[in-house]
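Chain A is fixed; fit chain B onto it per the hints.
Protein chains in written order, with my numbering: chain A, 1 to 462; chain B, 1 to 455.
Worth flagging that the hints you see were computed from the coordinates, not collected in a lab.
Here are the computed distance ranges between Cβ atoms for each label pair:
(1) A:Asp131 to B:Ser402: 54 to 60 Å
(2) B:Tyr228 to A:Arg361: 25 to 31 Å
(3) B:Glu370 to A:Asp131: 45 to 51 Å
According to the in silico footprint, chain A covers these stretches of chain B (three or more CB under 8 Å from chain A):
(4) 206-213
(5) 227-237
(6) 264-278
Cβ atoms here follow ideal geometry from the backbone N, Cα and C, with glycine treated the same way.
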Amino acid sequence: MGMEMEMEMGIGVSPVSDQPAAARTEAPLLSVRNLTKHYPITTGLRSKEVGRVRAVDGIDFDVYPGETVGIVGESGCGKSTAASSLIRLEEPTEGTVRFDGEDITQYDQAELKAFRRRVQMIFQDPESSFDPRMSIGEAIAEPLAVQGLSDASRRREIVADLLERVGLAAGDADRYPHELSGGQKQRVGLARALSMNPDMIIADEPVSALDVSIQSEILALMTDLQETFGLSILLISHNLAVIRQICDRVAVMYLGEIVELGTASEVFTNPQHPYTRALLASIPTADPTDRGMGIELTGDVPSPSNPPTGCRFHTRCPELIQPENYEFEQSTWRRVMDLRQKLDQGTVDVDAIREGVVTERESDETPDDVSATETKARLRDEFAIPQSLDDSRAESVLDAALDELVSGNPAAARERLATEFATPCESQSPTLEDTTAGQTASCLRLENELPPTELEQTVRSD
Amino acid sequence: MTMATNRPDNATHPPHTDQTPSTPTTDGSTATNRSTPASITNANARGNKTIMNSNTSAASPARDSTAAESSSDAKPDEVLLTVENLRTVFDTDDGTVHAVDGVDFTVQRGETVCIVGESGSGKTVTSESITQLFKSPPGSIADGSVVFDGIDLASRTEDELTDIRGARISHIFQNPQGALNPVYTVGWQLVEAIQLHRNVDDDAAREDAINLLNRVGIPEASSRLDDYPHELSGGMKQRVMIAMALACQPDLLIADEPTTALDVTIQAQILKLLRELQADSGMSIVFITHDLGVVAEIADRVVVMYAGKVMERGSVYDVFESPSHPYTKALLECLPGHGSLGGIPGSLPDPTAPPTGCRFADRCPYAVAECTVGEQPVFESVGREVQNEGIEHEVSCIHYRSTDDPSVLDQLGSDRSSTPQERPSGQTGGSRDSDTDRDGDGDGDGDGDRGVTRE
Numbered sequence: 001m002g003m004e005m006e007m008e009m010g011i012g013v014s015p016v017s018d019q020p021a022a023a024r025t026e027a028p029l030l031s032v033r034n035l036t037k038h039y040p041i042t043t044g045l046r047s048k049e050v051g052r053v054r055a056v057d058g059i060d061f062d063v064y065p066g067e068t069v070g071i072v073g074e075s076g077c078g079k080s081t082a083a084s085s086l087i088r089l090e091e092p093t094e095g096t097v098r099f100d101g102e103d104i105t106q107y108d109q110a111e112l113k114a115f116r117r118r119v120q121m122i123f124q125d126p127e128s129s130f131d132p133r134m135s136i137g138e139a140i141a142e143p144l145a146v147q148g149l150s151d152a153s154r155r156r157e158i159v160a161d162l163l164e165r166v167g168l169a170a171g172d173a174d175r176y177p178h179e180l181s182g183g184q185k186q187r188v189g190l191a192r193a194l195s196m197n198p199d200m201i202i203a204d205e206p207v208s209a210l211d212v213s214i215q216s217e218i219l220a221l222m223t224d225l226q227e228t229f230g231l232s233i234l235l236i237s238h239n240l241a242v243i244r245q246i247c248d249r250v251a252v253m254y255l256g257e258i259v260e261l262g263t264a265s266e267v268f269t270n271p272q273h274p275y276t277r278a279l280l281a282s283i284p285t286a287d288p289t290d291r292g293m294g295i296e297l298t299g300d301v302p303s304p305s306n307p308p309t310g311c312r313f314h315t316r317c318p319e320l321i322q323p324e325n326y327e328f329e330q331s332t333w334r335r336v337m338d339l340r341q342k343l344d345q346g347t348v349d350v351d352a353i354r355e356g357v358v359t360e361r362e363s364d365e366t367p368d369d370v371s372a373t374e375t376k377a378r379l380r381d382e383f384a385i386p387q388s389l390d391d392s393r394a395e396s397v398l399d400a401a402l403d404e405l406v407s408g409n410p411a412a413a414r415e416r417l418a419t420e421f422a423t424p425c426e427s428q429s430p431t432l433e434d435t436t437a438g439q440t441a442s443c444l445r446l447e448n449e450l451p452p453t454e455l456e457q458t459v460r461s462d
Numbered sequence: 001m002t003m004a005t006n007r008p009d010n011a012t013h014p015p016h017t018d019q020t021p022s023t024p025t026t027d028g029s030t031a032t033n034r035s036t037p038a039s040i041t042n043a044n045a046r047g048n049k050t051i052m053n054s055n056t057s058a059a060s061p062a063r064d065s066t067a068a069e070s071s072s073d074a075k076p077d078e079v080l081l082t083v084e085n086l087r088t089v090f091d092t093d094d095g096t097v098h099a100v101d102g103v104d105f106t107v108q109r110g111e112t113v114c115i116v117g118e119s120g121s122g123k124t125v126t127s128e129s130i131t132q133l134f135k136s137p138p139g140s141i142a143d144g145s146v147v148f149d150g151i152d153l154a155s156r157t158e159d160e161l162t163d164i165r166g167a168r169i170s171h172i173f174q175n176p177q178g179a180l181n182p183v184y185t186v187g188w189q190l191v192e193a194i195q196l197h198r199n200v201d202d203d204a205a206r207e208d209a210i211n212l213l214n215r216v217g218i219p220e221a222s223s224r225l226d227d228y229p230h231e232l233s234g235g236m237k238q239r240v241m242i243a244m245a246l247a248c249q250p251d252l253l254i255a256d257e258p259t260t261a262l263d264v265t266i267q268a269q270i271l272k273l274l275r276e277l278q279a280d281s282g283m284s285i286v287f288i289t290h291d292l293g294v295v296a297e298i299a300d301r302v303v304v305m306y307a308g309k310v311m312e313r314g315s316v317y318d319v320f321e322s323p324s325h326p327y328t329k330a331l332l333e334c335l336p337g338h339g340s341l342g343g344i345p346g347s348l349p350d351p352t353a354p355p356t357g358c359r360f361a362d363r364c365p366y367a368v369a370e371c372t373v374g375e376q377p378v379f380e381s382v383g384r385e386v387q388n389e390g391i392e393h394e395v396s397c398i399h400y401r402s403t404d405d406p407s408v409l410d411q412l413g414s415d416r417s418s419t420p421q422e423r424p425s426g427q428t429g430g431s432r433d434s435d436t437d438r439d440g441d442g443d444g445d446g447d448g449d450r451g452v453t454r455e
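Isolated chain A, as found in the complex (with noise of 0.2 Å):
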């Protein structure tokens, strides 16, 4: 305790520097093996469960002393869960986490409080994460009051200490968070995390809420902090622009699951999985000259209580493994897929095409006027297949399963499209594995050593 007590005390006095971003010959100040989070969906009054939403379904990676790691991915993915999973904010359902070589998963409540002086975390909004009605120096002097430093001059020291540290003014101690603007409130955010001399800091979307010359200042304060401080960081965030800007190492993340894991050099130049690559060619480029996204991922991402089998992208994937036998123009195949996937989830509704087809002919007929040919035309108009495939055999699979989707038995066409356009992506679950570019990625396209569609060469490697 007293020397824990000592380190806050020399928070003036004790920065750590030179080191380096990603020293591999030390331990990892942080690792995580096979952390999973599950919430129980229970129904009923005895709570009975009836299902699971996979926030996190068994993560691992480390973080090294005085390293920036980030985690990226769409909302929904389970990273801000991994997040607060860790440091049992949450309790994990499952997995060990090793802080500086002890399973913090083991921790007792005493420990646990000891533990959390040396991780700390920012949140996204600092609108809310701040009480209205504390000063923004009782705000800070918080943690460490109640990790034990009573004496008050003390707190009110390492505050003034810590506000100017984070580009404030002492003075501002006395001021409210309603007086400060988001990016200030961002910072008090920052000293509060250091009130603690951490040594690492979580940061869950520490700038999406903030314009963006802000965003640049926070960045570039965490930075600065990190350098002194010798702090390792690990960064959330769904904008691959701001990881890019300050990480050593990114992990990409869908569905609850790590998909791409690398230097950030590595993942941003020579992305391996597809999900990397259409995130990056999502991201806007602030050149006019250069628009049109080379990828674009259709639909939304699926329902973690549920997730797809095998590849848990293979329902998004552009690049998604061709089934043998048949050739497809690979956004053709994607695109035949959206129909087998809808026809899956049963929410085909062959009703509601013919009824799209008589309002747009604005006649007097009835759906049930509809021909089963103008139905179908229309199904791949509503799909964007085309009206005849270029494989002559794969036209008439799809051709006799329209068939009996329009003649009311989508069972049969279900199972004729299952049985002859299948594809590995969605009954092999693809690993982690180390992939010549550097990084890991798990990815069947890689395991099968399939050559790279067009598509992935469209990314630009910039």
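Chain B alone, transformed into the frame defined by chain A:
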């Protein structure tokens, strides 16, 4: 396209003989004008590193389709909206807030104008002033005119504005969750929007609603109509909002940060959708955003705002090729991967007591004594031989006066960038500076920036 033909009579435009556009470009050459000057600019102003890149992409299909968009519209050069000297004030306990303080810009038919700036720059209030959506009181338009298709909106009564809102000028907002009513189905709300402005029966309105959902790319529209908002994802909700905004085939769509709450992948889908819809219908879009990346993706014309004033305006190619106002330059440098970390030192001036002179002077690295006296500097044309698409590139900065040499901006700029460049004087100075800046920083990208801040 079918939508365009059944446009109701009350929405047809009066003849536009009195709307003589001030820009002298001829109709026929618009398409060619669009792509050529940019490539010339590229060749002239760009560093050798990116020249190949820019030229090839200038000829890419994406650009061609942009060009086709406006030429497919019958009247591309007609001014649809003119905002002149707009001042919007809010009376508060702390004094009068000058949220918008003398803003001018024009929107032509079929064109996308992006208003870009940080929070507090007045961009949202500007967009709300067009149809006076802000609460009044405390808000009011103190001065200026908003002329939409020959009608001065600033002097219209609330009733007259109601007829225009939604029918001829539609809005979409940042948060689709908050803009949809959770207790009604999507179809009910769409039908309501349609019937509010058009005299159609329920069946016809429902058919229109299906068509609209189809147009915005919602699959199986007729079954989605009976869904409640919570059953749709964020991207789908925003599509529904867009469908609602399109219900009466507006001439002008005002989109206030429509993609800010969405993931990048969904943002890309929505931006693409807006471009396609515009190509189909020829509507104009006023797009409010703080994200310059999005601006580059969708804008034809850019208006950069700061503290209630316009700092710079011009075609998207000019503004990105040669950002001229120090504020625009600073904003671009803040973009992740485009400049050094650090932001813009200082903060916005007090909106109740705006400073004299240039609003940005306090935070401007190039400010001289003269910058802090008098009014916001008058617009100076950024000297260029070729104007992209006939859109004037203007900047409110004293360094661009004909008696001044804007290369002072270059000098400082080159000090900051690592690659010293020969400074040509005169016209192309501004553009060269920014390009070397961006190239210099671009080279360093992630690693370079880190090196600077870390060591």
